[in-house]
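Undergrad: Could you build the full structure based on these sequences and the hints that come with them?
So the protein sequences, as listed, match chains A and B. Using the working numbering, the letters of the first sequence map in sequence onto residues 1 to 409. Using the working numbering, the letters of the second sequence map in sequence onto residues 410 to 818.
Note that these hints are calculated values from the structure, not bench results. Ideal Cβ positions, reconstructed from N, Cα and C, are used throughout, including at glycine. Among the hints, erroneous ones may be present.
Covered by chain A, according to a simulated footprint, are these stretches of chain B (three or more residues, beta-carbon under 8 Å) [said to hold, decoys possible]: (1) 651-660; (2) 669-683; (3) 741-749.
Anything over 12 Å on all C-beta distances counts as not near chain B; from chain A, calculated [as the list claims (entries may be wrong)]: (4) Pro29; (5) Leu54; (6) Gly145; (7) Thr164; (8) Ser281; (9) Gly309; (10) Ala345.
These are the residues of each chain, in order.
There are 2 protein chains.
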Amino acid sequence: MTGHVPGTQREIRRRNLSRVLYAVAGQGPCSRAAVAARLGLTRTAVSTLVEELLRAGLLTEQGPTPPGGGPGRPGTALALPDRGPCGLGAEIGVDHLAVCAVDPRGRVRASTRIVSDGRDSAPEPVLARLRELVDDVAVRAREEGLVPAGLAVAVPGLVARGTTTVVRAPNLGWHGIDLAPALTGAGTAPGNEREGLPLAVDNEANLGAVAELWLDHTRVPRDFVHVSAEIGIGAAVVLDGELLRGTRGFAGELGHVPVHPQGPRCACGGRGCLEQYAGESAVLRAAGLTADGDRAAALTALAERAARGEVRVRSALEDAGTALGIALAGTVSLLDPRAVVLGGALARFAPWLRPALERELAERTAAPEAAVELLVSQLGGEGPLLGAAHAAVRVVLDDPLSYVASRVG
Amino acid sequence: MTGHVPGTQREIRRRNLSRVLYAVAGQGPCSRAAVAARLGLTRTAVSTLVEELLRAGLLTEQGPTPPGGGPGRPGTALALPDRGPCGLGAEIGVDHLAVCAVDPRGRVRASTRIVSDGRDSAPEPVLARLRELVDDVAVRAREEGLVPAGLAVAVPGLVARGTTTVVRAPNLGWHGIDLAPALTGAGTAPGNEREGLPLAVDNEANLGAVAELWLDHTRVPRDFVHVSAEIGIGAAVVLDGELLRGTRGFAGELGHVPVHPQGPRCACGGRGCLEQYAGESAVLRAAGLTADGDRAAALTALAERAARGEVRVRSALEDAGTALGIALAGTVSLLDPRAVVLGGALARFAPWLRPALERELAERTAAPEAAVELLVSQLGGEGPLLGAAHAAVRVVLDDPLSYVASRVG
Ligand SMILES: [Zn+2]
Ligand SMILES: [Zn+2]
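TA: Next comes the structure, spelled out in C-alpha cells:
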C-alpha cells in the first residue's frame, strides 16, 4: 500500500544475501534450516538466497552428502568458500610495512612483512615499496585460487572521514597525503591488479579495534574502547559494534587527552597530554633506555628488564599505567563502555601497566554498577593488519550484489 | 524473490507514515507534492499515506481550499494538528518541579513550575507532588483538545538504560528509585490519566541535548557534546542525531572527568574531578558566596556580580572556564564532535566562562582542521523540560501505527 519505493526490494534482497553470509560465517558450516532459524526467514526464502550465493561462488556446499545427493539437498552443509574473493590488508608502520590476504573464511592465506624506517619519510618511496608488497601478496593469493576484492590500509595517523587521505601522521611526517593515486591509481604498474580496486584507508587503532570485535567476539563485547600504541597512543571507540569516527574522522585521540594540565609541552600544542607520560619515548626515557636507535630492540629490552623486575623499568611502566588509568577514567565516565581493551604494543606490557591502570579506573569511576572490564588483546601488534584485511573482505560479505555485478561488468 | 519476511510490509508502512509526519514537521504546512519530492516517494504513495494520517487525526488540511474543494484536493496544505496527541514533559530539579504539555506542532500548550527543595528528599512526597502537577497540566491540555500520549521525566542523575529507574541522583539523595509505580502505576489516583501511559525517564543533560537538536536545528549540528549544569555537571553526547547512552545508560559523566588528578577528593571516590572546579558549589565558594541557602538567589547574585565586574567573581568563573576547557579538550580529542553546546545554568554564565574555555580548547586540540564550534544554548535551563515533552510527543510521530492502535484498543 505504500506505493512504489524504488530500490527497496533490491535493498531487502541485498541485505538478506548479506545476512545469510554472516549467518554462515558466524556459526560455521551449517544447514539451510539452521540459517533460516537463525535469521527468522522461511526455508523457501533461504533456499532462493543460497542458490544465488552458490552461483556467485560466495557459498559452497560440504558433505555429508549422501550417495546420489545433488547440490541443494537439505542434508548438505553450507560454508563460506576458501576460494573466490579475498581481502588485502596493508599496514604502514613507523618501522615496518606489512601486507596480508584473508579469504572469506577469515583465514590468512598469504602475508609478508619487512622492516622499513618510516620516520620522517617521503611518502612516494614508502608507497612504491608497499605497492610491490601488495602485488606480491596478490599474486600468491591468486595462486591459491583467490581474487583480490579490495584493499584496506592501516596508517599511524589521522585519516579524513570517508576519504583515502592521511591528514596527519606525525611520526611519518606525512600531512595531507592521498594514498589512492599511488596504491590503486591507473598506471601504477603495467597490468597491476590494484588499479581500480576498492581502497579504504584507516587509522591503525580503528582497524585494531575492529579486528578485536570480529576475531575475538566471544571475549570482546560490542561496546568498548580499544587503546593501542605504536609510537603514539591512539584509541578507537566501538559502540554497538560500530566504530565511532567523529565528524572529521579524528575520534579516538586518547594520546592527547590532558592528564596533568600543567605538564610538559606536547607536539599537539597542549600540555601534559597522555603521550607525555605513557607514550613510547616517554616510557623508554623514564626506564633509562633510548628510543633513538632500533625501536624493536628497545622495546624488547624494556620487556625483558621489566620481566626481570628492574625497579626503574617497573616504575616507568607503573607511571605509564597510572597516566593511562587517569585518561581512561575520564573516557569511561564519558562513554560508559563495557570494556577497555589494551592492544598493540600495550598488550605486551599489560602485566606491568595493569595494576596501576586498574587502581586508577577503580578509584575514579567509583560506582560498582559502572565497573568496566579491562581486557588485553590477544592479537597485539597484529591487530591493525588483520583488521584491514578483514575489512576488505567484509565489503564483499556486506554487499554481495555489488561483488557479483563487478565480476560480470 | 526474498520470500515472505514477516512484518516487513508493515514496517515499511510504519516508517513511511513517520517520514511523512516529519517531512511536514520539518518544512511547515506544505502540499502532498512537496512531501513526495522531499521523501522521494510517488504522489500516489504519499496520498495513500496522507489519507491514513488524516483519518487518524495526525495531519490536518489547511487553506487555501477553493470553493467546493473537498478534503484531499491537491491545493490544500498539510499541517500537523494542534489537537490530538500531546507529550507531557516533567522535570525533577534539585529545587523545583516542572511540567508542560507540547502539541504535535511542538508548541507548549500548558505548563506549571513550583519551587520544591529536593535536596536529600524522600522520593514519595516529591513524586506525589509531581503527580498532582502532571494531572493538572493534563487536564488543561484536554481543555485545549489534546490527549496525553506519553510522559517523559528529566532527572538530575543516572538512569539505567531502557528503564524508568533512577540509579543514582546524588543531589536528591535517591538511589535505585523506579519512578513508574508512583507516576503511571495503577491506583495512583482515582480515574487518573497517567495510568498505563508510556513513561520515559532520562538524565536531564540527555533531554537538554535532544531539545537543542530538535528545537534549534538550524544552529546546532547533529554531532555535538552538550554540557549542562544544575548542581552537578553533566554532559550528553549526540552522534548523528542520536544520543550516546553507554552500555549501562551512564555515558556523559563529564563532571567526573579528572582535571587535576591529585586535586581535592570528590564524592565519586576520585580526585580533582571537573565538578571540584566548575561545579556550582565550587564556583560559589571561590566567588565568596554561599551555596547553602537559596540556590536561585545565590546564582542570581553570582551573575549580577560578574556583570558588575567583581574581580573575585570573574576570577572564579574564569577558573571554572579553564577547568571546563581542560575536560572538554579531552572530550573533543576522543569524540571529534562538530560543536560543544553550553546549556543549563552554564548558558547564563557563558560570557565569563567562555574566554578561558575557548583558550584551553584552542591550545589543547591543536589542529585547525579539528576546530570545534562553541555554542551557547538558547534554551538554557528550559532545555531538559522541553526535551522531555518533545520526546513524549515524538513517540507518536515515530510510530503513528501504535498510536492509532492504542486509540482503537
Ligand atoms: Zn598532545
Ligand atoms: Zn568525581
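Undergrad: If a hint holds in the structure, say so; if it does not, say that too.
TA: We went through each hint and held it up to the structure:
1. 651-660: Satisfied; 8 residues make the cut.
2. 669-683: Answer holds; 7 residues pass the 8 Å Cβ test.
3. 741-749: holds (count 6)
4. Pro29: 23 Å, holds
5. Leu54: Fine: 15 Å to the nearest Cβ keeps Leu54/A off the interface.
6. Gly145: Consistent with the label, Gly145/A stays out of reach of chain B, its closest Cβ about 30 Å off (over 12 Å).
7. Thr164: Answer for Thr164/A: holds, closest chain B Cβ roughly 16 Å.
8. Ser281: 19 Å, holds
9. Gly309: It holds; Gly309/A is separated from chain B by about 27 Å at its closest Cβ, greater than 12 Å.
10. Ala345: 20 Å, holds
Of the numbered hints listed earlier, not one is contradicted by the structure.
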